[in-house]
Amino acid sequence: MTKVLVIEDEELLRDNLMEILEDEGFQVIDADNGHRGIELAIAEKPDLILCDVMMPGLDGYSVLNILSQDPTMAAIPFIFLTAKATKDDFRQGMELGADDYLTKPFTKPELLKGIASRLGKKTAEQQRYKTLQEFYNIELQHAKEQLNYLSRYDHLTNLPNRLALRELFRQVKSTDIGKKQLITILCLSLDRFNQVKENLGYEFGDLLLKAVAQRIKACISLPDKVVHLDADQFAIILATTQHKKEALTIAQIILDNLSQTFNLSGEEVFITASIGIALYPRDGRLIERLLKNANLAMVQAKRQGGNQYQFYSVAFHIGFSDRLALQTSLRYALEREELEVHYQPIVTLKTGRIVGTEALVRWRHPEKGMILPSKLTAVAEETGLIVPIGEWLFQKACQQVQVWHNSGFESLRLAVNLSGRQFNQMELRQKLVQIIGTIGFNPGYLELELNESILMQNVEVAIRRLNGLKALGIQIAIDDFGTGYSSLGYLQQFPCDILRIDQSFIHNIADKTNQAAITKAIIEMAKNLNLRVIAKGVESPSQLSFIYRHQCDEMQGYLFKRPVQAPEFEELLKSRKRLPLPSTAEWRL
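FYI, the numbering for the sequence shown is 1 to 589, going by the numbering used here.
I should point out that these hints are in silico values taken from the structure, not numbers from a laboratory. Check each hint, because a few of them may be wrong.
Just the calculated beta-carbon pair ranges, DEER-fashion [to be verified]: (1) H243 / K431: 44 to 52 Å; (2) M370 / Q399: 16 to 24 Å; (3) E167 / I253: 24 to 32 Å; (4) R36 / T72: 13 to 21 Å; (5) E167 / H243: 23 to 31 Å; (6) G437 / E11: 54 to 62 Å; (7) Y558 / E167: 28 to 36 Å.
All C-beta atoms in this analysis are idealised placements derived from N, C-alpha and C, irrespective of residue type, glycine included.
Build the full structure now, drawing on both the sequences and the hints.
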């Protein structure tokens with residue numbers, strides 16, 4: 001039933017209006033003054049409001065003005081009842097947002113016609129909104145499907161890519177064949193492929209990769225899978241092998257087929273491949289471990305001259321003693337103050353100004369010099385030191401950024417990465433509260449970065465922990481987005497604020513490659529979900545132009561500044577340095 005609120009101080013007129021409307025089937029609520037009318041409007045949310053202009057205390061104009069401040073109330077049709085009929089009176093009401101005027105005295109038909117007109121307009125607007133919402137949902141679903149495809153299939157070979165590997169492995173394991181038989185992972189790399197590209201060109205290299213993909217597919221049968229990992233590397237999941245010898249036979253068939261002549265674009269080319277083989281579950285239960293071990297075996301095959309296969313062996317882990325020494329050194333690195341915090345600026349693409357910084361840990365070894373960040377992370381993960389190092393980084397970074405806040409850079413945001421082990425700690429929230437409380441750091445300026453693969457390990461637990469962090473006022477960023485194995489279907493479930501696009505997508509973005517299409521789709525998806533988008537690893541003007549053109553919000557990368565220690569970063573802040581943004585003419589080229 002349509003609900004109408006009547007606000008009229010004259011009791012006789014109010015009663016007459018109520019009687020007319022109730023006879024016409026309306027549900028009527030009434031107020032004898034403006035204050036009461038506002039209370040009822042907010043509480044009852046009527047479909048239409050009839051309001052007298054001239055009332056003691058709070059007149060009709062004031063009632064409309066107050067209700068208009070609330071978007072929900074502002075959408076309700078509002079009709080003035082007035083004995084004032086000058087143009088100025090009409091103009092004043094319309095400027096405030098009134099939908100219509102009924103000049104006293106008015107007839108019953110005039111009243112009902114005015115109400116019907118306004119309600120009809122509201123219904124039309126609601127239908128229009130519904131249509132737009134349905135269109136938006138269709139477009140959003142289309143964008144999701146497009147992004148899912150682009151992110152999981154290689155545009156050159158039309159094979160599943162690295163991102164699809166985990167799901168394909170899961171599918172194979174779940175089949176009856178996969179449960180009963182040996183699952184084999186082959187990692188294949190072409191020998192001398194870079195020489196072929198250098199001599200015959202990159203376009204010929206692409207043609208060769210397409211032909212190689214077709215020959216590999218011809219050597220296997222369903223439910224076996226072929227994946228294009230990257231450049232000249234492929235992975236093959238064999239679900240049809242009953243024993244190791246059968247896997248060996250298929251590997252040799254693939255090598256023999258690839259060693260046959262390729263005739264492409266008038267060129268005759270011979271090429272060989274090296275294959276590494278890992279067996280499930282002997283060499284690993286997770287696809288990441290299996291692929292890593294198969295890759296180690298493939299490297300051994302190349303070292304022995306190529307055009308052959310090698311099964312994985314633990315003996316391939318060369319340099320173990322050096323790694324053990326590095327692990328021992330890292331245990332003392334915190335005590336000896338060998339670790340440093342470096343800060344890389346985060347720049348807004350609206351003004352080119354620095355709006356934040358990502359805190360990164362670096363290890364200056366007394367003998368080996370600066371240790372590669374990837375090696376530091378790997379050793380820290382292996383030893384379990386990633387947790388104390390992560391806590392040290394968080395505390396040091398909060399202390400330093402608080403100093404900058406106190407020095408006049410109060411809006412500077414701090415981004416800190418959380419490792420999987422840190423995120424899975426039961427006491428994580430308590431530790432963060434203790435650190436920021438002791439320092440006096442405002443959590444509203446803190447962003448915690450989490451790799452999407454961490455969140456996917458247990459979605460329900462991840463959502464619960466993220467909500468706990470969000471309740472503190474902390475913002476959540478999904479880091480290295482696009483490099484994980486899923487997340488698009490769950491992205492809307494995670495209470496995140498920021499999407500950080502991995503630099504691997506930014507690297508070749510200006511060449512109109514598949515990375516460009518994926519990056520564009522990621523930005524559009526993030527915008528639809530009201531997420532802020534940060535592009536990492538921006539190193540060239542062409543990369544900047546691309547992300548600027550597609551309305552990415554922020555960037556960080558060597559194009560503006562590499563990660564630096566606190567004193568140099570502070571000088572950067574004081575200099576008010578800006579990133580030169582592309583002009584309209586530049587990015588339209």
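### Query
Which numbered hints are broken by the structure, listed smallest first?
none
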